[in-house]
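> Join these two chains into a complex; the hints should help.
As you go down the protein sequences, you meet chains A and B in turn.
Per my numbering, residue 1 is the first one in the first sequence, and the count goes up by one each step.
Per my numbering, residue 1 is the first one in the second sequence, and the count goes up by one each step.
One or more hints might be untrue.
Output of the computed footprint for chain B on chain A, the stretches with three or more beta carbons under 8 Å from beta carbons of chain B [unchecked claim]:
no., region
1, 36-49
2, 58-65
3, 125-131
4, 135-142
5, 206-215
No wet-lab data here; the hints were simulated from the structure.
No residue lacks a Cβ here, since even glycine has one placed at the ideal position from N, Cα and C.
These are the residues of each chain, in order.
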Amino acid sequence: MSQALSGVSVLDLTETVSGAYCTMLMADLGADVVKVEPPEGDPMRGAEPVFKGISPKFTAYNRGKKSITLDLQSGADVERLKGILPRFDIIIEDRPHGSLDHIGLAYDTVKVIHPSLIYAEITGFGTGNRYQNRPVYESTLQAESGMSFSVLDDSKGTPYLIGGELAGAAGAYFTLIPVLAALHERLAHGAGQKIEVNIYYILLSMMHFNILDYQYNHILYPGHGGGSPCGFVHTKDGVVRITCSVKAMWDRTKELLNDPALNDPRFDDPVQREKEEPLLLKQIEAHLCSMTSREVEEMFTKAGITVGVVRTIDDIRSDPHLEARGQIVPIEVPDLGALPYFASPFRLSKSTPEYRRAPLPGEHNSEYLSDFQNEGGASL
Amino acid sequence: MTSLNDLVVLDFTRFEAGPRCTYLLASLGAYVIKVEKAYTGDDERMYPPMQGAESIAYPQHNINKHSLGMNLRDPKAQQLLKQLLPHVDIITENFRPGTIEKMGLDWETVHSINPRIILAHNSGFGQSGPYMKRAAFDSVMQCEAGVAGSIMDHSGGNPYYIGGNPCDCISSLAYTTAILSALFQRDRTGEGQCLEVDMMSICTNMFSPELSLASLEGQYIPHPSMYPNGFYKDKDGKYLSISCPDRLWGELKSILALSALEDERFATRDDRWANKEALDELISSWTTVHQCEEICAALESHGIGSGLVKGYDELINDEYIKETSYFQNIEVPYVGVIPYPSLPFTMSGSEAFYHRAPKIGEDNAEILARFLNMPESEVEALEREGVLYHGEHSCYPPKK
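Only chain B is shown next, with the shape it has when bound in the complex (with noise of 0.2 Å):
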């Protein structure tokens, strides 16, 4: 895609939040520099699962971006990246508060050196606050954020965790919005500005009905917005998800063929919740004595939601997943070929494309010579000096 192939991002982020919204800036054809620290890189690099010594997570969200690999605490490179300032749009960075500031790079010296800079903030809790300081893993933010709360709702009060980094991939969502918000702006007004998001307002964001809702009700209730809404065992044992909406209510009742649905207990959307437990026995009497592929497509065929719970392995032999192409095969240098996920989107004015993820300080020439027409002898003069670095494996063999 090239709606964005005007564009520089200087790209300070690592692990997941930053780093998602930069491969998207990328995706879209913005020319993403990603600098990465001497000898170990992005500390996603080491991030697991692993295969041998290369990170086959770290690709993921690292596809189509140039590797800058430096010594961040050397004035030179300091000074380097003040000079590679006038051609930079946008600065992308999820340090602790403070930190982009302690390297020279706060919005008052950036935006005198780049009046259309677009400086991007993004941290767990924000740049102010009284948890300001606090650092913030996706799991925390489930906690802290009510998502783990959410799911309380529905399993008698107990908190589980969640895979995937729901929180981490919302934030980075969030984090590309304002990002490419301001860049609008500013092709309209022609300056740049300072922006900042945190995960703590973006996940409590999902919330704002059960907010209004508890102050009106003077505490937080739960009101799930259908009922039956959940998982059922089929008779292999297998679980599988029935969502019915009220206004298919008698659908359903009408597929299960069972008398005991029409009890009053179970006439309105609240009774059904407030009787759950006796309801969910009854539809689990009926779900165990069929065949999970034949539920979800019969409640399917009346608008009734349902869905498979798919493990992994199911996933990867899935037959959606191959007819649609999902996956991406992509070189990962010293491993090979490894499945990635396709963009979710498609524009219909360019094509998705999908370079693979560089190795530390891989473009540093190439960077250094495109703005600022450095000779290669001077870039390998820097590296062998230790302001540049380039490594060839993705991880630096561990510190000694």
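Chain A on its own, in the form it takes in the complex (with noise of 0.2 Å):
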């Protein structure tokens, strides 16, 4: 058995990140991804920026999958897909709500056909209340969940929006962890099941200290995990932040910058620490500002302090740690070549990952849909 998920099959459903991710990271681990697309190509083959007619975004969710082409709103092309649904052991999907429904693919219905069929859908807001038929964005939920009512606290009064997809890949590794549990347990009795994931709670559980802060000890903004001063501070090349969220690491700061200004007894008081936060890292910066970023890192790592490089996907593809772990991975793309990709960051001692690089649309038809004509040329 070469790879953890090897020989395990997924129908993936999915049109948004979440369920793209999802079933990117199954097919990392080893498993076989057939991604159902409609015959004109799923959406996201057109996110934009688009090189030479390919998403860049496209491929990286989409690397190690199959693709057939189905139109789903047809009733032939559902029945096709009826017909190879007892080949896999995993739909995943994140489809709004009712979609499958609407067209015969409820899980009710195909469990009939399927037993032991694992179905996993990744909704916004859940099922069966007030919410399940809204719009689900990654800013509704950063919104909604008190996420960017965290980022108002440092931000002066303006939430911003996070990047990166946050929500979406919560909601990957929240789908993946009961499916896997699921197949675990399917080796015991045999019978698959079904699994409903709501994205919404996962950023309210992330957000759940704050509010019981609030709750609680009636703490609007509770700071950055009990300690100061914590902040951001500029260097001679950038911006780092300084972490004293524990007291040692205060106490090492004061220690390594040897500065009487920091030394003032006064500041032994945490509460007066958080008070004057914003003088604390001031007088810090004064420090660190003809250094460089990594130059501050290394000389506060050397001392045991903690502290983090903000830094840029510019400065991330360059990073010496990341190469000499090898976590920068080449995939060749048809039209654009090699490109770099982020590799599985599953390091398992017996599973070792595959890269291949995204499916073109339809591309095997002929393998799923034998009554199919496979169309020769597609492109991504």
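See the structure below:
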């Protein structure tokens, strides 16, 4: 058995990032993922920016998958899909509420044909409630969960959007976890089951300490984990984040910088430190502004102090640590050559990932839909 | 839920990124032995928010577990841990790299005692590489992995701190995923394995599209997936989000009914992004004369993304949250009943359950009787000797 999920077949009916990211992680782990696309191709294939007709966003989230094309608005194609269903262990879907029920692919229908199927439905807000039909966007989830509110503290009253598809990635993992548990359970008694994931609940649970702090202690902005000073300071070439959230870090920072202004006994009191945080950060900045961020990081790390360097993708893609760990891998993309992608974050001693390019639309029709004409010459 | 009820986890994790993982394993039915150091237990037990001397943060990620309190430096305690290994399926830990090995629980040793065991490491930067020794709080990872950088795309170049420990959370989920994958592999091969995840690899992984784009364009240039995609004030000064994919731009224009939006500066998404200040001003001129709930309803009826920026006070009283029974009321010893989150998924095969988090060493006798047939008198003797520990309060009185 070469990989953890070798031999597991996944029917991928997803069309958003959370679903695509989930099945990408499964493909990285060795599962056979078959993406069902409409005849004109998955909408994400058009996600801008597009180079020579190819969207790097699509190729990133769909590496290692296969593709078949079916028009799920047509009854005949839905029947074709039902025909191949027994070949799969798992369905992952993230379409708007009720879409699959509407075309006859509800769990209760398909479990009759395929009782051992594991069927995972990713939703924004769950089902059977007032929000079940709301359009789901990353910004909506960040706003409604209190996550945007948490940014207000630092940003002096303006919320900003967090990039990186945070909600999408969280939704992907929280789908995979119960799916893998269900796979383990199925080995014991053979039955499949339905899993429903609520992404809004995930973001809410992240914000729970803040909710509790407000509810029980009437603290609206709980700071940064209970200690001070914490905050961003400028260096010669960028910004670093000082993180004295535990007292030991503050003591070591004082010792390292050896500055009488920081040694003032009134700063022994954590309440006073929090009150004077802007002043303390300014004082620390005076020591660091002539150094590069990486010099600061090296000096702090040597002194046992935790610090973070604010980095953009350009900094990250030339990072020696990621390079040493082989965390950036090239994957061949037709017409564009080898593009760099982040490798799987799972390092299993007995499961080594193999990376394959994203499929052309319908590239695997002949393998799965024998009555189908394989349309040659399709492009990404 | 009972999917994993045949499994035993020996859990050394502390703080958040580890315990959130073993909370999920426990909630899926695994028997999780949370090994806690004598007197203070998991450092998270001192982590705010507090109620009196008790942390009400700690229980969130330790529901459904069993606590084994011990002096981890005592050779007798280390011997007990080794005796438990034949009964253990998964070992979890998030110490600094090298620590678990010093405790005598290196891969060779645990594997030789139990070839089916899965040893799972979790750390900030991984078990190798130049940054291996660096400690990583969530805020550090927000900076180093590009999360703070991603907010800069929208905030005019300033990084901001995000609440909710998003990097810890994502990391705990990837950790759980890696463990369950190794478990499924073991189910079919009979062999255990050693695995590791690290926050850096997990959090950067969210930026794969940006990485390949930066390579194609020679440098990183932000490309928003849509615009408008941000926050606007309503007439009462409350913020709401508006996200409009390209295919719905026409709909948004018709709702706002502002002729200035027909300007060619706003024709395509790239145009709108390039002229975002002018566009945001126009959109704000409309949002600031309406009420946020009305705006949200109008936009969503056309499929356009919208959301109210809710504060914690609003969430406590939120109708949706009440209606869906999001909060589970769970006992916290010496505090009372506190609301904690429901699991964000359901499984048709079994129901979720929520047993309160343990006190330090509360389950010493049960764990040692269950796996080692140890009589209660022996457990008590080991507690008197200082090998095992159980504490009444979840955090021990501060050190003298």
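> Any hints from earlier that this structure breaks? Give me their numbers in increasing order, please.
none
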